Every structure is written in structure tokens, then in C-alpha cells.
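Quick mapping for you: the protein sequence lines, in order, are chains B and F.
Residues in the first sequence are numbered from 1 upward in steps of one, following this note's numbering.
Residues in the second sequence are numbered from 118 upward in steps of one, following this note's numbering.
These aren't lab readings, by the way, just hints derived from the structure by calculation.
One or more hints might be untrue.
Claimed, not checked - Now the in silico label distances, taken between C-beta atoms and shown as ranges:
1. F:198 <-> B:18: 44 to 50 angstroms
2. B:80 <-> F:197: 28 to 34 angstroms
3. F:134 <-> B:65: 46 to 52 angstroms
4. F:188 <-> B:68: 41 to 47 angstroms
5. F:161 <-> B:53: 25 to 31 angstroms
6. B:29 <-> F:127: 36 to 42 angstroms
7. B:51 <-> F:143: 26 to 32 angstroms
8. F:161 <-> B:83: 27 to 33 angstroms
Keep in mind the model is a prediction, meaning the values are calculated, not measured.
Positions of the beta carbon are idealized from the N, C-alpha and C atoms, including for glycine.
Okay, here's what each chain looks like letter by letter:
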Amino acid sequence: GAVVSQHPSRVICKSGTSVKIECRSLDFQATTMFWYRQFPKKSLMLMATSNEGSKATYEQGVEKDKFLINHASLTLSTLTVTSAHPEDSSFYICSAWTPDSFYNEQFFGPGTRLTVL
Amino acid sequence: AQKVTQAQTEISVVEKEDVTLDCVYETRDTTYYLFWYKQPPSGELVFLIRRNSFDEQNEISGRYSWNFQKSTSSFNFTITASQVVDSAVYFCALSRYNTDKLIFGTGTRLQVFP
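So here's chain F without its partners, still in its complex pose:
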């Protein structure tokens, strides 16, 4: 069975702090995809990144970076120099294929205070 665990329910930081959101997944598939989405108060899901199981390279996009480690089944997300606009709920998700149904984690609510 597939499962995604986001152990951090809520995180509060002060602006400009770095913050890491943890994601641990379980799957028996050898091929799978991992995703991160941001959900602001409006509710709309904002796609942040997709990573397939064969690509363990870490990725950096501006202030965002992702650390994928198959050995620990983790796909952690770091925001550097956080900003108030980063306040949202962040979901990690898993799927068998790029276009298959997503198994979401329970989400981490990030609050960035000025």
C-alpha cells in the first residue's frame, strides 16, 4: 500500500528563517512519482515540483529546494529565507505514474510571521 507521512502538523517561523518540511513515503512500486503542492487560504493547489523515483538529484528553484533520498524514503522541502507569502499548507504526494491518482500526506501548515 502507498502512504505519505508528514509528521509536522504546524510550523511557525519568523520571516527570513529557513524552514524544512518533512515528507516520508511508503510504496512497494519500483517506479513512482513524488510531488509537493502548496495550498494557500484560497484553497487552490499550486504545483511546486514533481520527481520520479529514478531521479535522486536534489533540486533548487529560487528559495525552494528539495532533498530526495530513496534510502530513507524521504522527500523533504526546504524554504530558504522564508517570507510571509510562504504561509500556506504544504502537501507532499505520491503516485505510481505521473498522471495517476495522488496519495496525499496530511499536510504541514506553515505560518511565517513578519
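Chain B with its partners taken away, still in its complex shape:
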């Protein structure tokens, strides 16, 4: 299958700082990427849908100004958690797909564990 990477895999930051998480499709061009969030021992919840070259579509209840998503190229989407607070500590996972892909399915990244102190 295709490969999706995330960087960093783990980040610890102080409250009030901003953190950027990258999601890259390594061997295909992703027109759409999804960002999910998983609290400890909880399920994955969709945060937003990111389409290359356009604004992200956020799920109800997700703060757009706090979770900035940029899908500037066909291989990269970034999620920036602005002014992070301890309640933002979570596991963030992205998935990517493209209709032009040989695989015609979406692939998940390995996730980024964010801890805000």
C-alpha cells in the first residue's frame, strides 16, 4: 500500500506555544487528507477534511482558529495547534487519498502524540 508519514511522531510543549504537525503522502499525490483526534483510551474523531488548494472543512465543535490546517501541496498537509493547552494533549492521526491513486483507498499516517505541559 501507499505510505503516509507524520512528523513529529511525538512532541511535548509548554502551554501557550504553537505546534505544527505534518502529514505527507510519500508515494502518491493526495488531493484529500483527513485529520483525526484520539483522546487517551477513546475513539478517533474526525476534526477536519483538508483538500489541496482550498480551505479545510471542519467538523462541528472543532475550533478553526485553534486548529489551523493548510494543504498547500498535493503531498503535504499541516495541522497547527495554536496556543496549545493541556486539554489539547491527544493523539493526532491523518489519512490521505487521491482518486488518481492506483489504490483507490485512504491510508493512515502513524500518528503524532502531543503532550502539552
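Starting from the structure of chain B, add chain F where the hints point.
Just chain F now, kept in the frame of chain B:
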């Protein structure tokens, strides 16, 4: 609205036992896809199976098997002769399209003891 229910929060079994993880879904769509993922302690999601709504055939892959029944809106997952390496959280998920956003169930934590 779409919804996935995994009523079993945690299951503990002893190695070599068979175990079935339940998944019940709700959707108004006539076409949809169902998935199972495994999430080991590392956190990475491991894709196990995808099934579309028009294919009700059960599937077997090694020790894994899936039972899809539209009449009861269920997509259950059975592990035969469980092994310690099967210990993980298992998620059932639903989407409208193969490449659409996924609606995940709450997951079932499986612990297999030696």
C-alpha cells in the same frame, strides 16, 4: 446520521481461545463501506478489512474472519485461536465511500493472556 457501536469495551481471553468482537452500525445510505482496524500500543492504525454494502459474503483471512449481516446491521470480527500478539484495540468504522471520512466505533480493547 451514521453511527457505529462497539458494545464490548474490553475483552480478556487466554491464548488459543476464539474471540468475537461485535460491531453494529447505523446508516441511511444504501451504499456504504465497513472497516476494521487494529491499533496496537504504538498507536498506528493497521487496516484489516474493508467491505462494501453490496458484498455480504463472509470473509476469512488466516485466523481472522468477518461476518457481515445487513439484516441486523452488524459486521462482527472473529479471531480464532487468539495469540498474545493479537492484544490491541480494535476499531470498527463506517463510511459512505471507500475514500470518505470514517466514523469510528468506540473500540474494543482485547487482551490475550498467555
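Consistency of the hints with the structure:
1. For residue 198 of chain F and residue 18 of chain B, the hinted distance range of 44 to 50 angstroms is satisfied, since their beta carbons lie about 49 angstroms from each other.
2. About 45 angstroms separates the C-beta atoms of residue 80 of chain B and residue 197 of chain F, a value inconsistent with the hinted range of 28 to 34 angstroms.
3. Look at residue 134 of chain F against residue 65 of chain B: about 50 angstroms separates their beta carbons, and that is inside 46 to 52 angstroms.
4. Take residue 188 of chain F and residue 68 of chain B: their Cβ atoms lie about 45 angstroms apart, and the range 41 to 47 angstroms holds.
5. Our hint of 25 to 31 angstroms for residue 161 of chain F and residue 53 of chain B holds, since their Cβ atoms are close to 28 angstroms apart.
6. Our hint of 36 to 42 angstroms for residue 29 of chain B and residue 127 of chain F holds, since their Cβ atoms are close to 40 angstroms apart.
7. Range check, residue 51 of chain B to residue 143 of chain F: Cβ separation about 27 angstroms, and the 26 to 32 angstroms hint holds.
8. A beta carbon spacing of about 28 angstroms between residue 161 of chain F and residue 83 of chain B agrees with the range 27 to 33 angstroms that was offered as a hint.
In the structure shown, a violation is registered for the earlier hint numbered 2 alone.
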